[in-house]
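Residue numbers (the working numbering), protein chains in the order written: chain Z, 22 to 830; chain B, 78 to 509.
No lab work stands behind these hints, which were simulated from the structure alone.
Note that this is a predicted model, so its numbers are computed, not measured.
Do not take every clue at face value.
[What the hints assert, rightly or not] Facing chain B, according to a computed beta carbon distance under 7 Å, are these residues of chain Z, among others:
| no. | residue |
| --- | --- |
| 1 | Met477 |
| 2 | Gly644 |
| 3 | Glu684 |
| 4 | Asp691 |
| 5 | Gln700 |
| 6 | Leu757 |
| 7 | Asp760 |
| 8 | Ala776 |
| 9 | Ser795 |
| 10 | Tyr820 |
| 11 | Gln825 |
[Stated by the list, open to error] Calculated pairs, DSSO-like style, for lysine-lysine (alpha carbon to alpha carbon, straight line, at most 30 Å):
| no. | chain 1 | residue 1 | chain 2 | residue 2 |
| --- | --- | --- | --- | --- |
| 12 | Z | Lys574 | B | Lys475 |
| 13 | Z | Lys683 | B | Lys330 |
| 14 | B | Lys453 | Z | Lys683 |
| 15 | B | Lys268 | B | Lys293 |
| 16 | B | Lys268 | Z | Lys802 |
| 17 | B | Lys293 | Z | Lys155 |
| 18 | B | Lys330 | Z | Lys471 |
| 19 | Z | Lys710 | Z | Lys802 |
| 20 | Z | Lys155 | B | Lys453 |
| 21 | Z | Lys471 | B | Lys145 |
| 22 | B | Lys475 | Z | Lys754 |
| 23 | B | Lys459 | Z | Lys155 |
| 24 | B | Lys453 | B | Lys475 |
| 25 | Z | Lys664 | B | Lys453 |
| 26 | B | Lys371 | B | Lys330 |
| 27 | Z | Lys664 | Z | Lys754 |
| 28 | B | Lys443 | B | Lys371 |
| 29 | B | Lys395 | B | Lys318 |
| 30 | B | Lys318 | Z | Lys664 |
| 31 | Z | Lys226 | Z | Lys754 |
| 32 | Z | Lys471 | B | Lys293 |
| 33 | Z | Lys219 | Z | Lys574 |
| 34 | Z | Lys574 | Z | Lys155 |
| 35 | Z | Lys302 | Z | Lys155 |
| 36 | Z | Lys574 | Z | Lys67 |
| 37 | Z | Lys710 | Z | Lys744 |
| 38 | Z | Lys802 | Z | Lys754 |
| 39 | B | Lys326 | Z | Lys683 |
| 40 | B | Lys165 | Z | Lys683 |
Backbone N, C-alpha and C fix where the C-beta goes; we use that ideal spot for every residue, glycine too.
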Amino acid sequence: MSLPHRTPILAKSGYLTISSILIAAFASQLSLASDPASCPTINNQKLDHFFTTELWPKIGRAECVKCHKSGGDAEDTRFVLQDLSRLARQEHESALRANRDAFLRMAFEQKDNESLLLLKASGRLDHGGNEVLKRGGAGYQILQAFVHRVQNPNPIPSDASPDASGIASFFDGLEMLDHERLLRRVTLSLAGRLPTDKELASLAKASIPEYTTQAGTRASASRGETAVGNQRKAFVALLDNILTEDAFYDRLREGFNDIFLTLGVDGNPDQTVLSYEHFDKTRGWYQKFDLSHIQDEKERREAGYRLAREYRAALLGEPMRLVEHIVRNDHPFTEIVTADYIMVTPYTARGYGCFDAIKDQFKNHDDPFEYIPVRLKALQGRRESENQDSKTGFYPHAGLLSTLQYLSRYPTTETNRNRLRARMYYEHFLGVDVLELAARVSDAAAVTSKFENPTMQASECVVCHKTLDPVAGLFQNFWRFDRNSALYGKRKEGWFTDMFATGFEGEDLPASERWRALQWLGKQTASDPRFARAMTGHAYYLLTGRRPLLPPKDLDDPLYDARAVAYHAQQKQIDSIAASFKESNYNFKTAIKDWILSDFYRVDGLSSRITSAERVASLEDVGVVRMLSPEQLERKIEAVFGKASGHLQGQTAMLYGGIDSKEVTERAVDPSGAMGAIQRTIANDVACKNVALDFSRDQSARILFPDIETDSIPGESPSADMKIRAAIVHLHKHVLGRDDNEDSVEVNRTFELFAGVISDARNTSGIDERETWSCRQGLLKPVPDPHYTVRAWRAVLTYLLRQQEFLYE
Amino acid sequence: MRRSFLKSCALTGLGLAMPARTLTATEEKQDLQPYEGPHYLVFNASGGWDTTYLMDPKGTEQINRLYKRDDILTHGNHTFAPTAKHKKQGLSNEDFFAEFGQSLLVFNGLDYSVNNHAPCSRYMATGKLDSLAYPTFAALVAACQGGSCPLSFLTFGNYSATGNLVAKARVPYLPSLRRIANADSIEGNVKSPYHDDFALERIEATLQQQHSDRLKQNQLPRRQHAESMLYAAQVNSKALKRVTPHIPKQIPKTRLAQQAEIALASFKAGVCVSANLSIGQFDSHANNDADQMKLIPEFLEGIAYALHRAEDLNIRDKLVVIAQSEMGRTPGYNQGNGKDHWSIGSVMFLGPGIEGNRVIGHTDEKQFALPLDPDKLTTNDKIGIRVRPEHIHSALRKFAGIADHPYSQLFPLGVDQSQQLTNLWGKSRTGI
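Here chain Z stands alone, though its shape is the one from the complex:
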């Protein structure tokens, strides 16, 4: 809302406090309260509460601050708010106070006996943002209530908004994973394996707390919290180790590619990433690579294909290897926007033309995937005019931002003017969806015709472009559209003047920094509080497959408050983790660990049934409960059975909700019928390949059936039944991660399945005494099946593999 410049009625000093405003206001309304002293403190508190829980989240943050902030379209009005998302957590309280005061000042102003604030917001007076709140709508009513409360010393209708204390008890009534089960979740998720016996033993040991008595002897502690504290310490120590495993870095790269999608560069990367203008002499090195030592022509040809394939894969992999390098070496994660280097391999270094200069740094020149950090020299064009500006002689690297892969993945056009890159920058590194700023109904066509330059003049356009265009300008040195020709290159006429000036959030790019504009952007980004929160959000995505909640928007939604509670609880956690992340000098492992230890990751169930619709709504997004991606499911199968299924490759992986990082960029979150069919196939096939095989192993080497043979038949004796139940408990634990008792409902159910199948087989004539041909291949020794127990165990395993505990995280 843009308000005209006028001297405020009350804001003579410009620094009025809420109390002084209220006192003055009340004093000015003699019919209501003539004695300033009668202004009760409780009313101020209630007003504060109303502002904090109602007006600010639903109106101020959701609407007004889009324009009414420094750098916003309405920054030149006298109603300027502070954007909390740009401030550190500790600054929020004072900023909120300042915003409250700004609203208070405006709430007193009237025109024709109507509140100016209401007139403006509803578009009935000249307002740059036109109609923001529909009269009579929920948002308008909130603003109306605020104005009424301010102007009325005895307002105080009851507050229906969520109580702040409700956020603190958000997890009341929810059950958390114990450390042992948490360890299974973490090892499978981040390391693609099950917990080792050693890890489990260290947790078990920590659960028996010991302390030293005054007499110097050690005794068991009786206090449970000591045990929990010790287990937590032990767990964190294990977690530290897990985060050093290679498998964790595979998962890290995979997860971050889901976000940045840099594997989705179009075409052959040696052509698109390494453009003709700057790499024409080196990018095709593999075509001339000497493979003459391979005698066989076919083999030589195949080797050539492999060389090209691996070279291209290595090129595509560089951005995510940068992420890995930063995390693996405990560098500040801000390096993803500030690193003055890229990661190259012996193959890609040849493509860049820098192999000879750095080859001594590689351990193995023939390893296509040995990545090392390198600073490239400034690009040399085929013509001098295409040489890259550089005051140091080096390419001005700015982490991911300046990698040729990132620039290729998000190209620009003559009319797009790098705005796509700027939009992706905001989303990737600051967690801001710029387009959402403009997600309100307007008439873009009329605006286009009305203004000569709508992006700088029409408020509907300015709300985004004032943020977006300065950053777009920071990519101005990459002004080429035919990526096969070049990525780097400047606009001949200089950067556009009919766009908001190049810079970042109100700060112009110094002319001296233009040659390294992205480095300048990287520095701004690293110091922006939104960066830490955005990266904390990425860590959450990595662990849960979901992005953090967006604030609820629909004020008419009867469950708005419940959703707001969920949003605020999560935001509070994000703020806390982001602060800790920053304190750790942006060590990304800190963010991962903090999330894992948080209730958001550990929550696993309800301790009692929920009877309130509000509570259901507030818990909608709680709990990991993530359908495993094709890659994750294959890793889990390998972890549990020792070998992947091989079913979730190529086209089937796509069918199972995978992404190609190009057209399909969002993973499936719910299974379709097609995916249900694949789940059935996998369950059938994995059981087929593993049951008889496991029985053919020496007992000590068995994974699935370490304590039972195929001659244990249900109902034949109590000891046989006990053995079978024990075997089921083991399977539930190993395959599903469940801790079931031998007489539990779930074990009973599985037992009944096993017994029922054997009973049916007995009553069926012509049953073969051997396993199905396909399921007895590759055995270490013959496994006869005269009692049908092998096939019954296979039915059991098939049943288990189709369950949520296996297919979901």
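We have chain Z; now place chain B onto it with these hints.
Coordinates of chain B only, in the frame set by chain Z:
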């Protein structure tokens, strides 16, 4: 009323997501009944098509360089740009309108309100601009009419949010359908089942019992949702074996034809309600005319292919086609001979229950939308409204008979009764 309805939905799990309905005991034991139609094919010209080279021609030098006003063609009540001379492949406007004009409803002058790809795509697909939660029409109708179909909502791209009402299925390649059709047989060979019948029946029965028990337990809403979605996906997937007889031996070459074959085979098998088909690259910021002349004929050819194949499969009379894009192109060229984003565009409909040979809504000579009398469907400066995607979606929901479905009520469009396009579908037609 909506408030109490939404609250009760939340309590029953609807607020989070309503997965495919729980199957009856009878259905558990037998194959699901095929879904008989109607089927919905939504064609998306992703990136923003140039409507002035299709159903809303202008022919002025500023707007169209490839033809002049006098060159504009008509067929019945339709007017369209001539493209036969300019296209290199695909189907010309001339041939498209000649064949389908009589059954085609065109709406011109649709106001998308904004002109960025992401919000526009979302708006056009769902009828709601400012929410990420709303389902696309294709997903909504799939959930309402056939949520238990294994591939009830197929998508090949474009904005495809489901509102958590139904799983979206991606089947990117025709051979994939064969691969998944017989999941209980070794390598899909029905003569080589993994399990004896009695064992498989026991597995299914035990899973059913477990599912039933778990729904009664105290569970996190997400876990309950996952439990239902997972169980439904596995049980319903058995119906996929009905698809294989309808998979063509030859895989067509063009992009939309490949997608159409998968969708139509699934329609024919009764395992799918709706499909979102899409081709991209319409975003012709440079060399608009060349790009649009390549893509519009390809797009029309894809629609024609789907209709012809539907005829072959005897499902044409159950097939509703919607052809749309997330925006139009500016009424003028930029310096790169391209056209930029324009918030006014068009949409086309064809199928049973839709009276064809009609053009509703108009743009003026500068390609601005003219206000439309929502009752009479004529332009009217005084009482006309700007027709936006929510008006179209509101009419579509009524057309499909799902406007009052609880799922639709979860995602209200907020169109006043006075602004409903009640006669959009034609004489005495209110839908199917």
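Hints and how they fare:
no.: 1; hint: Met477; result: violated, 16 Å
no.: 2; hint: Gly644; result: holds, 4 Å
no.: 3; hint: Glu684; result: holds, 6 Å
no.: 4; hint: Asp691; result: holds, 4 Å
no.: 5; hint: Gln700; result: holds, 6 Å
no.: 6; hint: Leu757; result: violated, 12 Å
no.: 7; hint: Asp760; result: violated, 16 Å
no.: 8; hint: Ala776; result: violated, 10 Å
no.: 9; hint: Ser795; result: holds, 5 Å
no.: 10; hint: Tyr820; result: holds, 5 Å
no.: 11; hint: Gln825; result: holds, 5 Å
no.: 12; hint: Z:Lys574 <-> B:Lys475; result: holds, 26 Å
no.: 13; hint: Z:Lys683 <-> B:Lys330; result: holds, 21 Å
no.: 14; hint: B:Lys453 <-> Z:Lys683; result: violated, 45 Å
no.: 15; hint: B:Lys268 <-> B:Lys293; result: violated, 38 Å
no.: 16; hint: B:Lys268 <-> Z:Lys802; result: holds, 27 Å
no.: 17; hint: B:Lys293 <-> Z:Lys155; result: violated, 43 Å
no.: 18; hint: B:Lys330 <-> Z:Lys471; result: violated, 46 Å
no.: 19; hint: Z:Lys710 <-> Z:Lys802; result: holds, 14 Å
no.: 20; hint: Z:Lys155 <-> B:Lys453; result: holds, 28 Å
no.: 21; hint: Z:Lys471 <-> B:Lys145; result: holds, 27 Å
no.: 22; hint: B:Lys475 <-> Z:Lys754; result: violated, 51 Å
no.: 23; hint: B:Lys459 <-> Z:Lys155; result: holds, 22 Å
no.: 24; hint: B:Lys453 <-> B:Lys475; result: holds, 18 Å
no.: 25; hint: Z:Lys664 <-> B:Lys453; result: violated, 67 Å
no.: 26; hint: B:Lys371 <-> B:Lys330; result: holds, 16 Å
no.: 27; hint: Z:Lys664 <-> Z:Lys754; result: holds, 18 Å
no.: 28; hint: B:Lys443 <-> B:Lys371; result: holds, 24 Å
no.: 29; hint: B:Lys395 <-> B:Lys318; result: holds, 22 Å
no.: 30; hint: B:Lys318 <-> Z:Lys664; result: holds, 29 Å
no.: 31; hint: Z:Lys226 <-> Z:Lys754; result: holds, 20 Å
no.: 32; hint: Z:Lys471 <-> B:Lys293; result: violated, 60 Å
no.: 33; hint: Z:Lys219 <-> Z:Lys574; result: violated, 49 Å
no.: 34; hint: Z:Lys574 <-> Z:Lys155; result: holds, 14 Å
no.: 35; hint: Z:Lys302 <-> Z:Lys155; result: violated, 62 Å
no.: 36; hint: Z:Lys574 <-> Z:Lys67; result: holds, 24 Å
no.: 37; hint: Z:Lys710 <-> Z:Lys744; result: holds, 23 Å
no.: 38; hint: Z:Lys802 <-> Z:Lys754; result: holds, 27 Å
no.: 39; hint: B:Lys326 <-> Z:Lys683; result: holds, 28 Å
no.: 40; hint: B:Lys165 <-> Z:Lys683; result: holds, 27 Å
Violated hints, in rising order: 1, 6, 7, 8, 14, 15, 17, 18, 22, 25, 32, 33 and 35; the structure is consistent with all others.
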